[in-house]
Each structure stands twice: as structure tokens, then as C-alpha cells.
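Generate coordinates for the entire structure from the input sequences, incorporating the hints supplied.
Protein chains in written order, with the working numbering: chain S, 1 to 142; chain E, 1 to 142; chain A, 1 to 83; chain Y, 1 to 83.
Simulated from the structure, these hints should not be mistaken for laboratory data. Fair warning: this is a prediction, and the values are worked out from it, not measured in the lab. Treat the hints loosely; a few may be bogus.
Stated by the list, open to error - If you want the footprint, here are the derived chain E segments under chain Y, 3+ residues with CB under 8 Å:
id, segment
1, 50-58
2, 116-125
As the list claims (entries may be wrong) - Anything over 10 Å on all C-beta distances counts as not near chain E; from chain Y, calculated:
id, residue
3, V9
4, I26
5, F44
6, T66
A virtual CB, placed ideally from N, CA and C, is assigned to each residue, including glycine.
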Amino acid sequence: MFSLSFEPVVREDLLDALSNEQAGALATFEGWVRNHNEGRKVVLLEYEAFEPLARKEALRILEEAKQRFDIIEARCVHRVGALKVGELAVWIGVTAAHRQAAFGACQFIIEEIKARLPIWKKEHYTDGSSEWVNCREHAHAH
Amino acid sequence: MFSLSFEPVVREDLLDALSNEQAGALATFEGWVRNHNEGRKVVLLEYEAFEPLARKEALRILEEAKQRFDIIEARCVHRVGALKVGELAVWIGVTAAHRQAAFGACQFIIEEIKARLPIWKKEHYTDGSSEWVNCREHAHAH
Amino acid sequence: MAEDKPIRVEYYALLRDERGQSEDLIMTTAASARELYEELQARFHFSLPWQRLAVAVNDEFQRWDTTLYANDKVVFIPPVAGG
Amino acid sequence: MAEDKPIRVEYYALLRDERGQSEDLIMTTAASARELYEELQARFHFSLPWQRLAVAVNDEFQRWDTTLYANDKVVFIPPVAGG
Chain S
1 MFSLSFEPVV
11 REDLLDALSN
21 EQAGALATFE
31 GWVRNHNEGR
41 KVVLLEYEAF
51 EPLARKEALR
61 ILEEAKQRFD
71 IIEARCVHRV
81 GALKVGELAV
91 WIGVTAAHRQ
101 AAFGACQFII
111 EEIKARLPIW
121 KKEHYTDGSS
131 EWVNCREHAH
141 AH
Chain E
1 MFSLSFEPVV
11 REDLLDALSN
21 EQAGALATFE
31 GWVRNHNEGR
41 KVVLLEYEAF
51 EPLARKEALR
61 ILEEAKQRFD
71 IIEARCVHRV
81 GALKVGELAV
91 WIGVTAAHRQ
101 AAFGACQFII
111 EEIKARLPIW
121 KKEHYTDGSS
131 EWVNCREHAH
141 AH
Chain A
1 MAEDKPIRVE
11 YYALLRDERG
21 QSEDLIMTTA
31 ASARELYEEL
41 QARFHFSLPW
51 QRLAVAVNDE
61 FQRWDTTLYA
71 NDKVVFIPPV
81 AGG
Chain Y
1 MAEDKPIRVE
11 YYALLRDERG
21 QSEDLIMTTA
31 ASARELYEEL
41 QARFHFSLPW
51 QRLAVAVNDE
61 FQRWDTTLYA
71 NDKVVFIPPV
81 AGG
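And the structure:
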């Protein structure tokens with residue numbers, strides 16, 4: 001299950017949906033909006049998605065995680081819209097019988113999400129300027 | 001922060017305590033009571049701890065995690081007492097500026113917790129029998 | 001000479017900011033996604049070369065040399081930053 | 001011959017079940033934690049050999065050859081299963 005959400009993520013709902021009597025392990029990852037990036041003070045982020053393709057690609061990533069790791073279920077929610085410092089930007093949860101598979105799949109999913117989903121992030125700084133992350137003319141992606 | 005809890009874990013309280021504007025990543029691990037183990041159907045678990053030493057050793061593990069990984073904070077709660085299938089037995093949460101440190105420390109902590117804390121688990125099976133896990137006379141720990 | 005065909009282009013993120021709007025319906029002779037980007041880049045002064053972007057046609061990733069057909073929907077994808 | 005000294009032993013998990021109670025205050029001549037365990041194992045028929053256990057003295061892990069003193073609190077630690 002993947003969704004793009006304009007509203008804050010409600011963790012308990014996601015966790016309840018993952019509940020399973022076969023599962024001995026849950027690994028989660030949350031990406032939070034930091035108050036700084038590359039030495040600049042961040043006050044606000046805007047996330048924007050090319051929604052139809054972001055959804056399709058995210059479901060492919062979750063499916064790949066199930067092929068590669070012995071997991072039971074994997075879910076991911078990515079926020080879109082304006083986010084303040086401290087807000088949750090992405091949530092990933094993976095259940096498995098055993099912990100190694102849960103951790104492995106959770107790390108795989110966040111790496112692929114970051115590399116492959118058509119989602120962009122504009123940082124707004126304390127000095128009033130703003131910038132699309134990774135899009136500087138002579139910059140390289142990190 | 002480490003605690004042994006006779007009451008169900010309230011995740012939101014733990015997450016709120018980890019909230020930090022420098023943190024870009026949160027990795028969590030939860031161990032859940034499965035309905036089976038080594039082919040036997042489990043109905044109930046009892047966790048028992050040698051409390052003073054379990055607390056000391058857990059704090060040492062969290063301190064070691066901070067030495068080894070570039071993390072901001074790490075917290076762990078371990079349940080004691082009787083737990084039903086599906087209940088959360090252990091919760092670990094680690095914040096960091098970046099995700100690799102959060103994942104690495106979270107995995108380190110659960111491995112060390114399992115290997116080092118003087119905590120025992122008695123499984124009660126559907127056939128009415130019970131057993132202290134890893135304590136069979138000719139068995140080896142897994 | 002190739003005939004003009006209608007193509008719908010949607011702009012996101014940096015490209016939307018640089019274009020000043022989120023969509024164009026254009027008539028073009030561009031045979032491939034790459035040719036279309038270069039045409040639009042010359043016209044709207046997009047800052048990034050096509051090598052830094054990816055491209056989607058009809059909501060699916062495609063290679064830059066993919067052939068464009070009338071009424072295709074094209075999205076140029078600047079470097080992503082999800083997660 | 002060594003003198004008797006009082007030692008407090010607490011039992012957890014399997015050992016508590018096998019002992020049938022959670023504590024003993026005993027007089028013993030055992031010089032080390034290992035000698036004490038072997039003495040108690042003979043008396044209470046504990047199923048596991050000392051090699052499968054760890055030992056704590058006064059709430060801290062210790063080696064099996066650690067010397068015991070009067071009024072020490074000793075806990076034998078069966079194979080753990082936390083997490």
C-alpha cells in the first residue's frame with residue numbers, strides 16, 4: 001500500500017493495518033523535516049509529486065521489496081504540500097517473521113523511494129530565499 | 001533512555017520524546033509476539049527480567065550505540081509480564097541527522113538487547129505445555 | 001519534413017517555476033522526447049540540460065529517444081528529492 | 001578448610017521453576033561462583049550445566065572464577081531470550 005497524503009500521517013492507523021499474528025518484527029523508517037540542510041536554515045518545505053507516476057513507481061518498489069526479502073507486508077506514505085520543520089515527510093513500515101528481512105526491506109524501500117519517485121522538494125530558508133533541492137544548474141544529486 | 005514496562009507501550013509518547021529539529025531520520029524496531037515459534041502454536045508469552053542488571057546493561061548498549069553511530073538519541077522499552085499474541089514486546093527508536101546511522105544503530109541495539117539483557121521468555125502453547133525459550137537441556141541458543 | 005502534431009506537456013517543480021505555468025498544449029515536429037525538450041529549452045530557457053532529467057510519456061518512464069505521437073502527454077522530470 | 005559464609009542467591013526463569021522458589025539465603029564454603037553453582041546444582045538438580053549460564057554478583061556480570069564474599073548477592077543467568 002502506498003499513498004500520497006496532503007494531511008499529516010497518523011501512525012497508529014498505519015500500524016494497525018500492518019498488525020499480523022505471523023509477524024515477529026516491524027521495522028519503520030520516518031523522514032523528518034530538519035531545520036537545516038547544507039548549512040542553510042530551513043523554515044518550510046514544499047513537496048510536489050507527479051502523482052500518477054509516483055504512485056505506480058512506489059507500488060513497483062514495494063513489490064520488489066516483497067520479491068527480494070522474506071517479508072509479510074510493506075506500507076509507505078509520502079507527504080505532499082507544505083511541511084514545517086519537525087514534520088514527518090515519509091513513513092515506511094515493514095513486517096516480517098524475522099527482523100533481518102524487516103530491516104533489509106525497509107532500507108531498500110527508502111533508498112529506492114529517494115532515487116526513483118518523481119517527487120520534488122523546495123526548501124524555503126530563513127533569509128527568504130528558496131530552492132528546489134538537487135536542481136542547481138551545476139550541482140549533482142546527493 | 002531504557003525502561004522495563006509492565007504496561008503496554010504507548011508509541012506516541014516515545015516518539016514525542018524523540019522529536020528533535022536536527023533529526024532527519026527515525027528508525028524504529030518493534031518485536032511482536034508471534035502466534036508460532038519453531039512449529040508450535042503460541043497462545044501467551046511471559047517475559048521476566050533480572051531488573052537491576054537488565055537496566056544497567058541496556059543503558060550500556062544505548063551508550064555504545066551513540067559511540068559507534070552518528071545518532072542523536074536512542075530509546076528502548078522492553079515489556080515484562082504476560083503478553084498475548086500480537087502484543088509489542090520490545091520497542092526501539094533511534095533518531096539521527098541521516099538515515100544510515102539511524103538504521104545501523106537500531107539494528108545494533110536489537111542485536112545486543114537480544115544477546116546481552118538478562119531477560120527470559122516463557123512460551124505457553126495451545127496444548128497447555130510451556131517452555132523457557134533457549135533453555136532446553138540440549139538446545140543451543142538461536 | 002515531419003508534420004506538426006499536438007503534444008501535451010506538464011511541468012513540475014523547477015520546470016514549472018521556469019515556465020511560469022504548469023501545462024502547454026503545443027504543436028511540434030519533434031520526433032523524440034529529447035528533441036521536444038531541446039525545443040522547449042531553447043524557447044523557455046530551462047536551466048537544466050536533458051542529461052540531468054528523466055522523461056515520462058503517458059505517465060510512464062521512457063527513454064529519451066522514444067518516439068512521440070500525436071496527443072502524447074509528456075512530463076520532464078527534474079532531479080528528484082523525495083523521502 | 002574455608003569457613004562458611006552467608007550468600008544470597010536469587011533465581012529467575014528456568015532456575016526459579018526448578019528451585020521452586022525465587023531466593024535462598026545459604027551458608028556455603030564455595031570459593032567461586034562456579035563452585036557455588038555446582039553445589040546448588042547437585043542439591044536442587046538444575047538441568048543446565050554452568051557452561052550454559054552466566055553469573056552476576058551484586059548486580060553486575062562477573063567471571064565464573066570470581067571470588068565470593070560474605071553477604072554477596074548471586075544471580076545465575078540462564079540463556080537469555082529478550083527482544
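* Contradicted hints - numbers only -> none
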